[in-house]
Amino acid sequence: DTGVSQDPRHKITKRGQNVTFRCDPISEHNRLYWYRQTLGQGPEFLTYFQNEAQLEKSRLLSDRFSAERPKGSFSTLEIQRTEQGDSAMYLCASSLAGVGITEAFFGQGTRLTVV
Amino acid sequence: SQQGEEDPQALSIQEGENATMNCSYKTSINNLQWYRQNSGRGLVHLILIRSNEREKHSGRLRVTLDTSKKSSSLLITASRAADTASYFCATDTDSGTYKYIFGTGTRLKVLA
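As they're listed, the protein sequences go chains F and U. Per the working numbering, the first sequence starts with residue 1, numbered consecutively. Per the working numbering, the second sequence starts with residue 116, numbered consecutively.
Treat the hints as calculated values from the structure; they're not laboratory data. Please note that the accuracy of each hint is not assured.
[Said to hold, decoys possible] Some residues of chain F that are not near chain U, with every Cβ distance over 12 Å (derived): (1) ARG9; (2) THR13; (3) LYS14; (4) GLY16; (5) SER27; (6) SER62; (7) SER66; (8) SER73; (9) PHE74; (10) THR76; (11) GLN80; (12) MET89; (13) GLN108.
[Stated by the list, open to error] Straight-line Cα separation of at most 25 Å, DSS-like style, residue types lysine-lysine; simulated pairs: (14) LYS141/U with LYS57/F; (15) LYS141/U with LYS214/U; (16) LYS214/U with LYS71/F.
The C-beta atom is built at its ideal place from N, Cα and C for all residues, glycine as well.
Can you make the complete structure from the sequences, with help from the hints?
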């Protein structure tokens, strides 16, 4: 499978616990995005990387959220001290920058439920 | 904040009919993409249209872009029950940032 891969697909956690999600982009893609989507809404931008550099973070990304892409390949999104309001689908996407405009492809998402 | 707004929010049609969804956005763009999302799943990329293009086709899909009106439309011809999904437009901006901003989506239901 050469698409964007996210792990886990589902995560149930107790309030106050930390969670970490992983995203493996399409192998040659240098740009990686994280989005959050709640029921009935469109995806909301959280952050994006070009190679290993985190170029932009949304104000939605509070201090409890951190994202990394240490070697410019896979990325992790960590949420510390989870709250019930963090329950959402977390989506990752990747694209190829630098050779014109290319599509952004999404993974299947990680659905987080905070109880 | 949402850059795009889809219209209508919900659409219900009979199989075989055409479905048209519209997307309006606020700032100048480099390109606009349309995505499909089945319930609880990830987004599937449908088509990308660049700011210097006015129309693109892909199978039963036809996308138009009017940059003067800051709007785009997605037409699905001869709809099928399997087209039932939410459809989103996503725009970048030409401000030097490369994030994509999504609209609120159109929920399409195709009745068999």
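Against the structure, the hints:
| no. | hint | result |
| --- | --- | --- |
| 1 | ARG9 | violated (10 Å) |
| 2 | THR13 | holds (19 Å) |
| 3 | LYS14 | holds (22 Å) |
| 4 | GLY16 | holds (26 Å) |
| 5 | SER27 | holds (17 Å) |
| 6 | SER62 | holds (16 Å) |
| 7 | SER66 | holds (18 Å) |
| 8 | SER73 | holds (19 Å) |
| 9 | PHE74 | holds (17 Å) |
| 10 | THR76 | holds (18 Å) |
| 11 | GLN80 | holds (23 Å) |
| 12 | MET89 | violated (8 Å) |
| 13 | GLN108 | violated (4 Å) |
| 14 | LYS141/U with LYS57/F | holds (21 Å) |
| 15 | LYS141/U with LYS214/U | holds (15 Å) |
| 16 | LYS214/U with LYS71/F | holds (21 Å) |
The structure is inconsistent with the numbered hints 1, 12 and 13, although it conforms to all the rest.
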